[in-house]
Amino acid sequence: MPVYTDKVLDHFMNPRNVGSIPDADGIGKVGNPTCGDMMDFYIKVKDNRLEDVKFKTFGCGAAIAVSSMVSEMAMGKTLEEAKAITREQVAQELGGLPDNKMHCSNLGAEALHAAIEDYEQKQAAAQQGGLACQCPFCNEFFKDVPEVCTSCGAKLRFCDECGQPIPHGQEACPTCAEKAQA
Amino acid sequence: MPVYTDKVLDHFMNPRNVGSIPDADGIGKVGNPTCGDMMDFYIKVKDNRLEDVKFKTFGCGAAIAVSSMVSEMAMGKTLEEAKAITREQVAQELGGLPDNKMHCSNLGAEALHAAIEDYEQKQAAAQQGGLACQCPFCNEFFKDVPEVCTSCGAKLRFCDECGQPIPHGQEACPTCAEKAQA
Amino acid sequence: MREVYLDHAATTPLDPRVWEAMVPFFREQFGNPQSLHRYGDGPREAVEHARAQVAELIGAQDKEIFFTASGSEANNFALKGIAFANENVGKHLVISAIEHHSVLNSARTLEKLGYEITVIPVDAHGLVDPAAVAEAVRDDTVLVSIIHGSNEIGTIQPIAEIARRVKERKRRIYVHTDAVMTAGTIPVNVDELGVDLLSLAGSAFYGPKGSGALYIRRGTRIMPYIDGGVQEKGRRGGTENVPAIVGLGLAAELARGEMGQRVAHLTALRDRLIQGLTAVDRVTLTGHPTQRLPGLVSVVVEYVEGEALLLLLNASGIAASSGSTCTSRALKASHVLTAIGVETALAQGSLVFSLGVGNTPEDVDQVLGVFPKIVERLRAMSPLYHKVEVA
Amino acid sequence: MREVYLDHAATTPLDPRVWEAMVPFFREQFGNPQSLHRYGDGPREAVEHARAQVAELIGAQDKEIFFTASGSEANNFALKGIAFANENVGKHLVISAIEHHSVLNSARTLEKLGYEITVIPVDAHGLVDPAAVAEAVRDDTVLVSIIHGSNEIGTIQPIAEIARRVKERKRRIYVHTDAVMTAGTIPVNVDELGVDLLSLAGSAFYGPKGSGALYIRRGTRIMPYIDGGVQEKGRRGGTENVPAIVGLGLAAELARGEMGQRVAHLTALRDRLIQGLTAVDRVTLTGHPTQRLPGLVSVVVEYVEGEALLLLLNASGIAASSGSTCTSRALKASHVLTAIGVETALAQGSLVFSLGVGNTPEDVDQVLGVFPKIVERLRAMSPLYHKVEVA
Ligand SMILES: Cc1ncc(COP(=O)(O)O)c(C=O)c1O
Ligand SMILES: Cc1ncc(COP(=O)(O)O)c(C=O)c1O
Ligand code: FES
Ligand code: FES
Numbered sequence: 028m029p030v031y032t033d034k035v036l037d038h039f040m041n042p043r044n045v046g047s048i049p050d051a052d053g054i055g056k057v058g059n060p061t062c063g064d065m066m067d068f069y070i071k072v073k074d075n076r077l078e079d080v081k082f083k084t085f086g087c088g089a090a091i092a093v094s095s096m097v098s099e100m101a102m103g104k105t106l107e108e109a110k111a112i113t114r115e116q117v118a119q120e121l122g123g124l125p126d127n128k129m130h131c132s133n134l135g136a137e138a139l140h141a142a143i144e145d146y147e148q149k150q151a152a153a154q155q156g157g158l159a160c161q162c163p164f165c166n167e168f169f170k171d172v173p174e175v176c177t178s179c180g181a182k183l184r185f186c187d188e189c190g191q192p193i194p195h196g197q198e199a200c201p202t203c204a205e206k207a208q209a
Numbered sequence: 028m029p030v031y032t033d034k035v036l037d038h039f040m041n042p043r044n045v046g047s048i049p050d051a052d053g054i055g056k057v058g059n060p061t062c063g064d065m066m067d068f069y070i071k072v073k074d075n076r077l078e079d080v081k082f083k084t085f086g087c088g089a090a091i092a093v094s095s096m097v098s099e100m101a102m103g104k105t106l107e108e109a110k111a112i113t114r115e116q117v118a119q120e121l122g123g124l125p126d127n128k129m130h131c132s133n134l135g136a137e138a139l140h141a142a143i144e145d146y147e148q149k150q151a152a153a154q155q156g157g158l159a160c161q162c163p164f165c166n167e168f169f170k171d172v173p174e175v176c177t178s179c180g181a182k183l184r185f186c187d188e189c190g191q192p193i194p195h196g197q198e199a200c201p202t203c204a205e206k207a208q209a
Numbered sequence: 006m007r008e009v010y011l012d013h014a015a016t017t018p019l020d021p022r023v024w025e026a027m028v029p030f031f032r033e034q035f036g037n038p039q040s041l042h043r044y045g046d047g048p049r050e051a052v053e054h055a056r057a058q059v060a061e062l063i064g065a066q067d068k069e070i071f072f073t074a075s076g077s078e079a080n081n082f083a084l085k086g087i088a089f090a091n092e093n094v095g096k097h098l099v100i101s102a103i104e105h106h107s108v109l110n111s112a113r114t115l116e117k118l119g120y121e122i123t124v125i126p127v128d129a130h131g132l133v134d135p136a137a138v139a140e141a142v143r144d145d146t147v148l149v150s151i152i153h154g155s156n157e158i159g160t161i162q163p164i165a166e167i168a169r170r171v172k173e174r175k176r177r178i179y180v181h182t183d184a185v186m187t188a189g190t191i192p193v194n195v196d197e198l199g200v201d202l203l204s205l206a207g208s209a210f211y212g213p214k215g216s217g218a219l220y221i222r223r224g225t226r227i228m229p230y231i232d233g234g235v236q237e238k239g240r241r242g243g244t245e246n247v248p249a250i251v252g253l254g255l256a257a258e259l260a261r262g263e264m265g266q267r268v269a270h271l272t273a274l275r276d277r278l279i280q281g282l283t284a285v286d287r288v289t290l291t292g293h294p295t296q297r298l299p300g301l302v303s304v305v306v307e308y309v310e311g312e313a314l315l316l317l318l319n320a321s322g323i324a325a326s327s328g329s330t331c332t333s334r335a336l337k338a339s340h341v342l343t344a345i346g347v348e349t350a351l352a353q354g355s356l357v358f359s360l361g362v363g364n365t366p367e368d369v370d371q372v373l374g375v376f377p378k379i380v381e382r383l384r385a386m387s388p389l390y391h392k393v394e395v396a
Numbered sequence: 006m007r008e009v010y011l012d013h014a015a016t017t018p019l020d021p022r023v024w025e026a027m028v029p030f031f032r033e034q035f036g037n038p039q040s041l042h043r044y045g046d047g048p049r050e051a052v053e054h055a056r057a058q059v060a061e062l063i064g065a066q067d068k069e070i071f072f073t074a075s076g077s078e079a080n081n082f083a084l085k086g087i088a089f090a091n092e093n094v095g096k097h098l099v100i101s102a103i104e105h106h107s108v109l110n111s112a113r114t115l116e117k118l119g120y121e122i123t124v125i126p127v128d129a130h131g132l133v134d135p136a137a138v139a140e141a142v143r144d145d146t147v148l149v150s151i152i153h154g155s156n157e158i159g160t161i162q163p164i165a166e167i168a169r170r171v172k173e174r175k176r177r178i179y180v181h182t183d184a185v186m187t188a189g190t191i192p193v194n195v196d197e198l199g200v201d202l203l204s205l206a207g208s209a210f211y212g213p214k215g216s217g218a219l220y221i222r223r224g225t226r227i228m229p230y231i232d233g234g235v236q237e238k239g240r241r242g243g244t245e246n247v248p249a250i251v252g253l254g255l256a257a258e259l260a261r262g263e264m265g266q267r268v269a270h271l272t273a274l275r276d277r278l279i280q281g282l283t284a285v286d287r288v289t290l291t292g293h294p295t296q297r298l299p300g301l302v303s304v305v306v307e308y309v310e311g312e313a314l315l316l317l318l319n320a321s322g323i324a325a326s327s328g329s330t331c332t333s334r335a336l337k338a339s340h341v342l343t344a345i346g347v348e349t350a351l352a353q354g355s356l357v358f359s360l361g362v363g364n365t366p367e368d369v370d371q372v373l374g375v376f377p378k379i380v381e382r383l384r385a386m387s388p389l390y391h392k393v394e395v396a
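Chain order of the listed sequences is A, B, C and D. Under our numbering, read the first sequence as residues 28 to 209, first letter to last. Under our numbering, read the second sequence as residues 28 to 209, first letter to last. Under our numbering, read the third sequence as residues 6 to 396, first letter to last. Under our numbering, read the fourth sequence as residues 6 to 396, first letter to last.
In short, the hints are calculated from the structure, not lab data. A quick note: this is a predicted structure, and the numbers were derived from the prediction, not measured. Treat the hints with care, as some may be off.
Unchecked claim - Examples of chain A residues lying across from chain C (beta carbon under 10 Å, computed):
{"no.": "1", "residue": "Pro29"}
{"no.": "2", "residue": "Val30"}
{"no.": "3", "residue": "Tyr31"}
{"no.": "4", "residue": "Gly88"}
From the three backbone atoms N, C-alpha and C, an ideal C-beta is built for every residue, glycine too.
Go ahead and model the full structure; you've got the sequences and the hints to work with.
Below you can see the structure in the form of structure tokens.
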């Protein structure tokens, strides 16, 4: 009796949709390495449907399998359908997960939802008149780039290359790094 | 690894000198059934030597083997030699005893010594002029039979048959019982 | 000489089918069930299968079974685990006067640690009065622990009635039963008994030594007793003894399937043996005449000592046991015999024959053939016997 | 696929010679060692023989060996048995920050019961400073318990020096060491170590699961932990697991006889494996570079997670383990890695390969052949890795 079902192992050994999307329409990041898991989801949206979904995951076998499963489940779905994906559904699709790994399936759904939310906020921002800059801390949009976020008060740093804000405590610009990697 | 040595088992299975001596020169009784062990030793003495030794024992295998061994060791010895028999010697002769059974070998030696002491006291009493009666409680001798022991104050009862005192709390006369049994 | 084993209460032989099932887990399947790699897979599956087998034996859910290394460990776990976890509720426990030493001494240890213990007496047949237990329960009582079947006198307690009465008195009180002698031998169902905790041991029903389990009803507040890693859901640390657990599981399954036959077989032999033994002068049955373990025969033989009886029986090829002072390392007569009012002097002559599925009527006849002679021989040697005879 | 078992710290395979020695005690020799009849004789002798074998392994007297069912039980016994028995002396214990869970959680349980625990930190190599231990000892300290060899980082503690310093500070203080990883693997002598108590387990050196022992120096005041009958001189109740004890005994004898060869063999493989693994970028050894268990290789692989590594290694036929959060049921990173100052994020990538006598240079090569690819593959998937690469 292996800890994981065959389906989990298959998704772990042959994960679908690994990678990032340099010009993603939405990016969702959850977890952090201190807790042992971290997931980044990237989405491309077309006609309200997920045209492409990619992920990068640091985490256990379940975390990787869940990421893969979620990406597969979400692919091609409308945003509303994708938002309705729950961790129970993910676990069920995988043929079950050990009790103590249920939070991994939670993370997968969360990261996907975060990516969709990110997309929707950007859309909203665009509708609000092409706001140039978004605070990496509170997700508020600005037309002009302030020194300090007018919404949450965070001090903003910007990448010399692309001008995007760099999250607090990080050395490199995530936007450029994504591109360089792609 | 049986609990007992072959020698112990031999003495237990084929105990030497089991029985009582109706006209014993000395009787030694130790232990009581509540503690799980009780030994009676009977001796016949001739020319300061143990001419005959017999025993009755209620107790475990070790107790029976020890009784048998002690009777064999004592047989033919002078009283002084017999009094020098220790529990260690008994245990050694038996090839050893389990730790928690050492008290049984003690009992054996004690019962023998008690029988010799009984003999010596009777001798002393005889030398003191044929004292007729001995208190069963404190072993004091009397010329005339008192109602109450003048030494320890115990109330004495006597056998209707043989006139010997009957120990406290006992129904039958031990002296007659011995004879009836023999 | 024909050998007759009549000491199944001490330990049963291992069922060859159980043995066969254990073998692979000593060899290829040696992995640790906690391992994530392939070596852990088979052992883990086997442990969980065994858990289901044990659960089914006593009508429990799989998750309520926690493996231990012995019945004694299960009893320690139950008493101390409950006591330590429920200190804030109270520090009072109730046990009976005829518990196994692992319960009795656990209670004594708790006493030293500041707990209070009430010991419920038993009647001459060794029965606990459920009303007395209910009455002993107080506001600060956290556990009632009563043995199910006695290994010394065979009496089976009315646990269901005890549990019912106790819970009537105080709802949130835990009830434990030491079912080492009954689970796997007679029908035992945790819901019918109404208990929250139940101890069992594999070596009592043809399973391996080193195997045992504590049933813990869901929702029971208990502290682990062997602190350690994540094994047994963090409730019992230590690398799982996989072969022993596998053996316990199969032994449970076999016991469940064959229980009816086994009980009938044992009961017939038991009654035949009781009848023959008690036909000897001044040999009396101890424990309850009918409410007793199907394979357990316990008697008291007057004027002789138990160990000496055992040794002579052994010399005749018969293996039995005794609760006499001389057979106990502590050199004290059995507290169980004392509790049923057997005089200490008589308790010295206690004998216990415990039958097993492999015993036959011939075995019983062999005992009955030698028993009177052995008793006579020792009585002839006893300084107690003739005196009474004469009197 | 060629299978390579490199998880001997989790459990070792049973030595076939040990197995052979155990078999009779599952079959004809099934009796209870406490039985007075013939069925008890062989088992009793076997148990005492095993006691002598274990005693000899660690330079103890036979009477100082008490069998348990696991290393964890031995650790619980040591800590709680000493704590409960010496309450009148004091209620303070000293342990290190890198103890096994069975020691750590026993200490925590004692804390709940009103005892005070001082935890001594370790340096980056996982070493305890003897001076720090001596300083932590107070008038009310009853026990110092320091692990001998760590199953997670391999570091071997200077127990002799610790015991010396402690006894210098306060004479009547007990010193215990958890030697589960060392006894039977490297030379261990209770007098040279100067300890009063020492835990060991058979499954760590090719003995059976369900076997363990606590060494208790003569004159040590300790309470039984599993209360029960007279087994183990009243210090540990429960029917003796005879086959397991027999197996432990022979495993101890074999270990003593073959220790030199075994250590040489393991050390060579270990160093080859360490060298190969740490040649990969951002893979670092944890624990002490030289003062370490001969068969234990522990590393941290940056940017990837341990369980994922294990699963891919498993898919390549290699069985290993990890102290990452994801492999612990408690979902907390290993307290041992935290104690040696490994950042929690890095601790996620911990890997432990533990070698055994059956491993070969080919096994090491198989690991080194796949390891870089596996790391690369997971790093490619990791959201952490490229960021740092770029930075
Ligand atoms: C250092 C150490 N102590 C104690 C134990 C517990 O041993 P067991 O699993 O036999 O209870 C282990 C187990 O691997 C260990 O490595
Ligand atoms: C009623 C009862 N409880 C507990 C035990 C202890 O079981 P173990 O020897 O497996 O620890 C026994 C042992 O025979 C027993 O008869
Ligand atoms: S007479 Fe009881 S132990 Fe010997
Ligand atoms: S990512 Fe850690 S348990 Fe899944």
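Consistency of the hints with the structure:
1. Pro29: holds (5 Å)
2. Val30: holds (6 Å)
3. Tyr31: holds (9 Å)
4. Gly88: holds (8 Å)
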